[in-house]
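Chemist: Chains as they are written, first to last, in the working numbering: chain Z, 940 to 1154; chain S, 940 to 1154.
There's no promise every hint is true.
In this list, chains with the same sequence are indistinguishable; a pair is considered to hold if it fits within one copy or across any two.
What the hints assert, rightly or not - Straight-line Cα separation of at most 20 angstroms, DMTMM-like style, residue types lysine to aspartate or glutamate; simulated pairs:
1. 976 to 1073
2. 976 to 1128
3. 976 to 959
4. 976 to 999
5. 976 to 964
6. 1076 to 1128
7. 1076 to 1106
8. 976 to 1135
Since the hints were derived computationally from the structure, they do not count as laboratory data.
Protein chains: 2
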Amino acid sequence: MSRVRVHNFGVSLDGFATGEGQTMESPFGHADGRLMKWFFGTRTLRAMQGESDGSHGVDEAFASQFGPGIGAEIMGRNKFGPQRGPWEDHDWNGWWGDNPPFHTPVFVLTHHPRPSVEMEGGTTFHFVDAPIEDVLKQAREAAGGLDVRIGGGPSTVRAYLAADLIDHLHVVISPIILGRGVRLWDGLEGLEERFDIESVTSPSGVTHMTFTRRT
Amino acid sequence: MSRVRVHNFGVSLDGFATGEGQTMESPFGHADGRLMKWFFGTRTLRAMQGESDGSHGVDEAFASQFGPGIGAEIMGRNKFGPQRGPWEDHDWNGWWGDNPPFHTPVFVLTHHPRPSVEMEGGTTFHFVDAPIEDVLKQAREAAGGLDVRIGGGPSTVRAYLAADLIDHLHVVISPIILGRGVRLWDGLEGLEERFDIESVTSPSGVTHMTFTRRT
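This is chain Z alone, in the form it adopts within the complex (with noise of 0.2 angstroms):
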């Protein structure tokens, strides 16, 4: 059976996933690079920059089970850009280039459906309005038979939580306050007794959360 997976989400210690005020140049609003920096160094990332260099540790143990078993990601309007309402720009095509490091089909869930973009290296966003279940139904078929990544933002792994769909949930709690933006944990209480929970440092002095769900 296919699961659902979230990788590499970085949260702040006070539980905020993104800051405030997106725009196109700084996608986590005020929070800027700091809940991601862990993820800079490592191998998997520079890898996605075209480069062969990059750490070996704690944080690319993690940071590399991104990609393996993935047949596509869903991921929130907000995550694949700060335009709202109807689409104004449709050459502007997510923060990633022109070869985005998804490698599979994208579903971005929207309000304003548009037509679909092909990109190099194998990843197409799709635009759909429908409920996050359908979504989801849509995205394992795609899949193939692969698992399936929520991507983000907050809102969306929070929505995909909120009704038990997720399977595996893979947090990044970074030392920082940032007092403001989106929280990952609003309205989840209790969500530990529906998961296995894994904790463990890194030198980079994130700590790593796995959530395993119970079956």
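We have chain Z already, so just place chain S on it with the hints.
Modeler: Same frame as chain Z, but now just chain S:
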């Protein structure tokens, strides 16, 4: 120079340091004992209960820092008890029995002063209605050169953190989502810039974090 320290301060993954609905039977409200579960089996806690067994591991290494070098504690009224407004019951003196585990003067922040209460074992509760800076001065004098512990609850720790009066903060993150209660981190955006922070996970599932104020 005497330091101002916080020890064994439990926080949920979503940032709550106590639950909702404090009563005489439930000092932590709906959180019950969940934020302090890691502490229950330690040698330090067992010694407070008059027993000589208990664990010797990571949790105990941190738990044992609670007492040594401390000459006075400051606590918020809600840590002392669930009464609100004017004191109606002078016979009830906290959740800790006749011999509380503080063994020093304890300053209780309240807008309703009352006579001091001397307990067994060296603990004397003083009830003070004054700005937190002034209470700290009183506590430092009472501590006679030793350190002052800020005992909680979250509103009290947060107020002293906001005033930049804490030198050493030990928090213990439990992998639970409380959903409601009193948050520790609110209003503390950028706190990490003032501290050196270390994290270590324990086999009990919690993550111990120490914040050491930069000099």
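Chemist: If a hint holds in the structure, say so; if it doesn't, say that too.
Modeler: How the hints compare with the structure:
no., hint, in the structure
1, 976 to 1073, "neither (34 angstroms within a copy, 40 angstroms between copies)"
2, 976 to 1128, "between (28 angstroms within a copy, 18 angstroms between copies)"
3, 976 to 959, "within (18 angstroms within a copy, 35 angstroms between copies)"
4, 976 to 999, "within (12 angstroms within a copy, 32 angstroms between copies)"
5, 976 to 964, "within (17 angstroms within a copy, 44 angstroms between copies)"
6, 1076 to 1128, "neither (26 angstroms within a copy, 40 angstroms between copies)"
7, 1076 to 1106, "within (15 angstroms within a copy, 52 angstroms between copies)"
8, 976 to 1135, "between (26 angstroms within a copy, 17 angstroms between copies)"
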